[in-house]
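S.K.: Residue numbers (the working numbering), protein chains in the order written: chain A, 289 to 570; chain B, 289 to 570.
Hints should not be assumed to be uniformly reliable.
In silico lysine-lysine, DSS-like type, Cα no more than 30 Å apart, as pairs [unchecked claim]:
{"#": "1", "chain 1": "B", "residue 1": "K505", "chain 2": "A", "residue 2": "K568"}
{"#": "2", "chain 1": "B", "residue 1": "K505", "chain 2": "B", "residue 2": "K568"}
{"#": "3", "chain 1": "B", "residue 1": "K446", "chain 2": "A", "residue 2": "K568"}
{"#": "4", "chain 1": "B", "residue 1": "K568", "chain 2": "A", "residue 2": "K505"}
{"#": "5", "chain 1": "A", "residue 1": "K505", "chain 2": "A", "residue 2": "K568"}
Because the hints were derived from the structure by calculation, they are not lab data.
Values in this document were obtained by computation on a predicted structure and should not be read as measured data.
Number of protein chains: 2
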Amino acid sequence: MIHRLTVVGLGLLGGSVAKGVRREGLAREIVAVGRRYESLEPALADGTVDRITTDIADGVAGADLCVLATPVATLTALMPAVWRAAADDAVITDVGSTKAGIVGTAEALGRDRPLAFVGSHPMAGSERAGYGVARVDLFRGATVVMTPTDRTPAAAVKRVSQLWEALGGRVTMLDPASHDRAVAAISHLPHLVADALVDAVVRLDPGFLELAARGFKDTTRIAASDARMWREIFQENRPALGEAIAAFRQALDHLDRLVTEGDGPRVEAELNRIRLIREKLA
Amino acid sequence: MIHRLTVVGLGLLGGSVAKGVRREGLAREIVAVGRRYESLEPALADGTVDRITTDIADGVAGADLCVLATPVATLTALMPAVWRAAADDAVITDVGSTKAGIVGTAEALGRDRPLAFVGSHPMAGSERAGYGVARVDLFRGATVVMTPTDRTPAAAVKRVSQLWEALGGRVTMLDPASHDRAVAAISHLPHLVADALVDAVVRLDPGFLELAARGFKDTTRIAASDARMWREIFQENRPALGEAIAAFRQALDHLDRLVTEGDGPRVEAELNRIRLIREKLA
């Protein structure tokens, strides 16, 4: 049982944590911290949270579990304030899409004041953002990557995995660097590629978009995502994204070469190899 | 009213034409032509077609409307047999994903024997193939591109557009070369890119696929498509696909450069520009 849960940042992810915790009755009290009262008030009005504040020290003090759910770029900037205000026995996690920077910041802060922090990345999202699209069941069936290091207290890992599992998530563990390489490949690269696909059609002839059918729409759906959030993610995870882009260019060049050479049987063999891999994902 | 409709090739598209025509009562008789009886028998058994044959001359003779719905590579090869067997007043169309080659072949055949041919490309598909996934409503709401040239008889355009409209399609006209450039951009390029995305992850670490969430799955769904069909489409539309790949590489290089240079505001501006374009597609 959580005595007091504080959620910092009440967007899609933070809002869904608060809604899920409330519905499952996992916390006695839920406090939400945000930059503006207007964006917090709907959660107070609908009973998702008990108290709202724009003062991070006030919001974090006295919480036994803190979930940091602001955009990635804001997160590392506000962590020092969280470390100053948190109770000694507080357990802290975040929901950021990249982990090496956040975990590194937490461990640097931990040298002055050791707190039980562990990084989390719930792999649940939407091309839409904000509390308005937060859902009580957002994490049901979602993979949640947690990124403990050898300095992470076992108690933090246990408490935070219990939270995600109680919200229906399937927890898996990765070190922060491996996490960032993995999400660069299966999340950030597809985003950049979807953006480039839309832009490629515009460069060729915007009128072609009138013929876009389900295939194009599915492939580029994530290009409709929040630009500010993705700018920050790309920036934060630039080294791993660079590696993923390089692998993608190799893969594209390889297929392009086979098609250009007219090597039909090899094209088909490659497409079949890829199809079998993709089909396994269901 | 169609007296006798002959569908050559009873896969997803041909099967859906037959099912739709039957349900709407648009034809007195429906004949299906295929290479093997076993693949035609289900359509006879379920009442979608009245007669099946593996003999193309037998199937096409006496039809007043022929829909050629085999894979693209087979299509041009069987067109001479269709031109020999068809009735003088037959109207012929196809459902191929590329049009310049097919229309060119039809017009070459038409120099010896003028027949009322017009190319069609119903923009409705699936990553699954075969009569088993054919649907009575596959074309409902789908864009159907027709590609008449100045040699196409007006009667063929009228008859074939009536067919697609009766099946719920929204008909639009393009010349064959423009059609091929457009579908290279909004269909064939996304397919190749989806294939390259899956392959890029495999090149980095196949284990990363375990973290694939909805974004990756949507973006790569079409990589599960039939390899034989897509080998043929890529090959058939290679020049236009090459142009689309070049535009895509430019778009990707451009975004990659902005991210690498750390130009946050320009990255955000570009992502926003792309987001607004993508959002319009709904």
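S.K.: Among the hints numbered above, which are violated by the structure, and what are their numbers in rising order?
M.R.: Violated hint (a single one): 3; every other hint is consistent with the structure.
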